[in-house]
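Engineer: Knowing the structure of chain A, use the given hints to seat chain B on it.
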Amino acid sequence: DAGVTQSPTHLIKTRGQHVTLRCSPISGHKSVSWYQQVLGQGPQFIFQYYEKEERGRGNFPDRFSARQFPNYSSELNVNALLLGDSALYLCASRSGTGGVGGNEKLFFGSGTQLSVL
Amino acid sequence: QQQVKQSPQSLIVQKGGISIINCAYENTAFDYFPWYQQFPGKGPALLIAIRPDVSEKKEGRFTISFNKSAKQFSLHIMDSQPGDSATYFCAASTSSNTGKLIFGQGTTLQVKP
Numbered sequence: 003d004a005g006v007t008q009s010p011t012h013l014i015k016t017r018g019q020h021v022t023l024r025c026s027p028i029s030g031h032k033s034v035s036w037y038q039q040v041l042g043q044g045p046q047f048i049f050q051y052y053e054k055e056e057r058g059r060g061n062f063p064d065r066f067s068a069r070q071f072p073n074y075s076s077e078l079n080v081n082a083l084l085l086g087d088s089a090l091y092l093c094a095s096r097s098g099t100g101g102v103g104g105n106e107k108l109f110f111g112s113g114t115q116l117s118v119l
Numbered sequence: 002q003q004q005v006k007q008s009p010q011s012l013i014v015q016k017g018g019i020s021i022i023n024c025a026y027e028n029t030a031f032d033y034f035p036w037y038q039q040f041p042g043k044g045p046a047l048l049i050a051i052r053p054d055v056s057e058k059k060e061g062r063f064t065i066s067f068n069k070s071a072k073q074f075s076l077h078i079m080d081s082q083p084g085d086s087a088t089y090f091c092a093a094s095t096s097s098n099t100g101k102l103i104f105g106q107g108t109t110l111q112v113k114p
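Going line by line, the protein sequences match chains A and B. Position one of the first sequence corresponds to residue 3 (this note's numbering), numbered consecutively onward. Position one of the second sequence corresponds to residue 2 (this note's numbering), numbered consecutively onward.
Hints listed in this document are in silico derivations from the structure and should not be mistaken for laboratory results. This structure is a prediction, so every number in the text was calculated from the model and none was measured. There's no promise every hint is true.
Stated by the list, open to error - Here are the in silico distance ranges between beta carbons for each label pair:
1. A:Thr22 x B:Asp80: 43 to 49 angstroms
2. A:Thr7 x B:Ser70: 18 to 24 angstroms
3. B:Gly61 x A:Asn81: 43 to 49 angstroms
4. A:Asp64 x B:Pro114: 48 to 54 angstroms
5. B:Thr29 x A:Gln43: 20 to 26 angstroms
6. B:Lys6 x A:Asn81: 31 to 37 angstroms
7. B:Phe40 x A:Asn73: 28 to 34 angstroms
8. A:Arg24 x B:Lys43: 16 to 22 angstroms
9. A:Gln43 x B:Gly61: 25 to 31 angstroms
We put the CB at the ideal spot given by N, CA and C, even for glycine.
Just chain A, with the same shape it has in the complex (with noise of 0.2 angstroms):
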C-alpha cells in the first residue's frame, strides 16, 4: 500500500512569490496534517484537517493556509515568501476515527524540500 506521497519533492521560490504544496494522505485516512521542519529542528505544527474541515492551527501567519479536498488529499499555500520559510514541509495523515484510547498512529511524508532565495 502507498503511504503519503507529496509533491513535489523539492522546490525553489524567491521571496514574495506564492507555492502551493500536494499532499496524498494514505487510503482510508481522513485526517491531514501539515508540519514545517527547519534544519536541525523538531518538526513544528501547522494545521491539522479533518473531513475537510480545519480542526487545528499552530503559531504560523496568515501567510500560511490549507484545505482538504473531497477525496481527503490535501494543499498547503504559503504567500509572500519569506526567506524564513526555507524548510522541509511534511503532511502526515491517519485515520481519524480512533478517538480516545484509539490507535492513532500518524504517519508522515518523506516531505517536500522549500528554498526561498
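Structural biologist: Below, chain B without anything else, positioned relative to chain A:
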C-alpha cells in the same frame, strides 16, 4: 507549557551498546508519547509510542520508560547497530488529537562499528 525538551542533542555509541535519549514535558494534559526516527531526506517514521497508564513498553530492541510524576520519558535502544544511526524525536499530544504533535528538538545518534 507546550514544550517538550529533549536531550542529549547528539549521541555517539559503540555497536552493541545501549543508546538512551531523554524527554521532559510540561503540559499534564498530554497522554500520548511517540518516538520517531528520521533518516536524511526522509520524513519521520513512528518507532514506538506509550500512554501514561503503563511505565514501560518494549518493542524489539526499543523500550520506552515513562515517569508520570516526573513528567519524563525516555527511549532505550538495546544492542545499538550502525543502521540505527539517525535523528530521533520524542513527541507528545493528547490522545484525542494525535494529529497535533509537539516535538522535541531531536537527538542525532551515531553508532560506531
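Engineer: Take the hints in turn and mark each one as holding or not.
Structural biologist: Structure-based check of each hint:
A hinted range of 43 to 49 angstroms for the beta carbons of Thr22 of chain A and Asp80 of chain B is consistent with their spacing of about 45 angstroms. The beta-carbon spacing between Thr7 of chain A and Ser70 of chain B, approximately 42 angstroms, falls outside the hinted interval of 18 to 24 angstroms. In this structure, Gly61 of chain B and Asn81 of chain A meet the distance hint of 43 to 49 angstroms, their C-beta atoms being roughly 45 angstroms apart. For Asp64 of chain A and Pro114 of chain B, the hinted distance range of 48 to 54 angstroms is satisfied, since their beta carbons lie about 50 angstroms from each other.
Range check, Thr29 of chain B to Gln43 of chain A: Cβ separation about 25 angstroms, and the 20 to 26 angstroms hint holds. At about 33 angstroms, the beta-carbon gap between Lys6 of chain B and Asn81 of chain A stays in the expected band of 31 to 37 angstroms. Restraint check, Phe40 of chain B to Asn73 of chain A: a C-beta distance of roughly 29 angstroms satisfies the suggested window 28 to 34 angstroms. The given range of 16 to 22 angstroms is respected by Arg24 of chain A and Lys43 of chain B, whose C-beta atoms sit roughly 18 angstroms from each other.
At roughly 28 angstroms, the beta carbons of Gln43 of chain A and Gly61 of chain B sit within the given window of 25 to 31 angstroms.
The structure fails hint 2 only (numbered hints given earlier).
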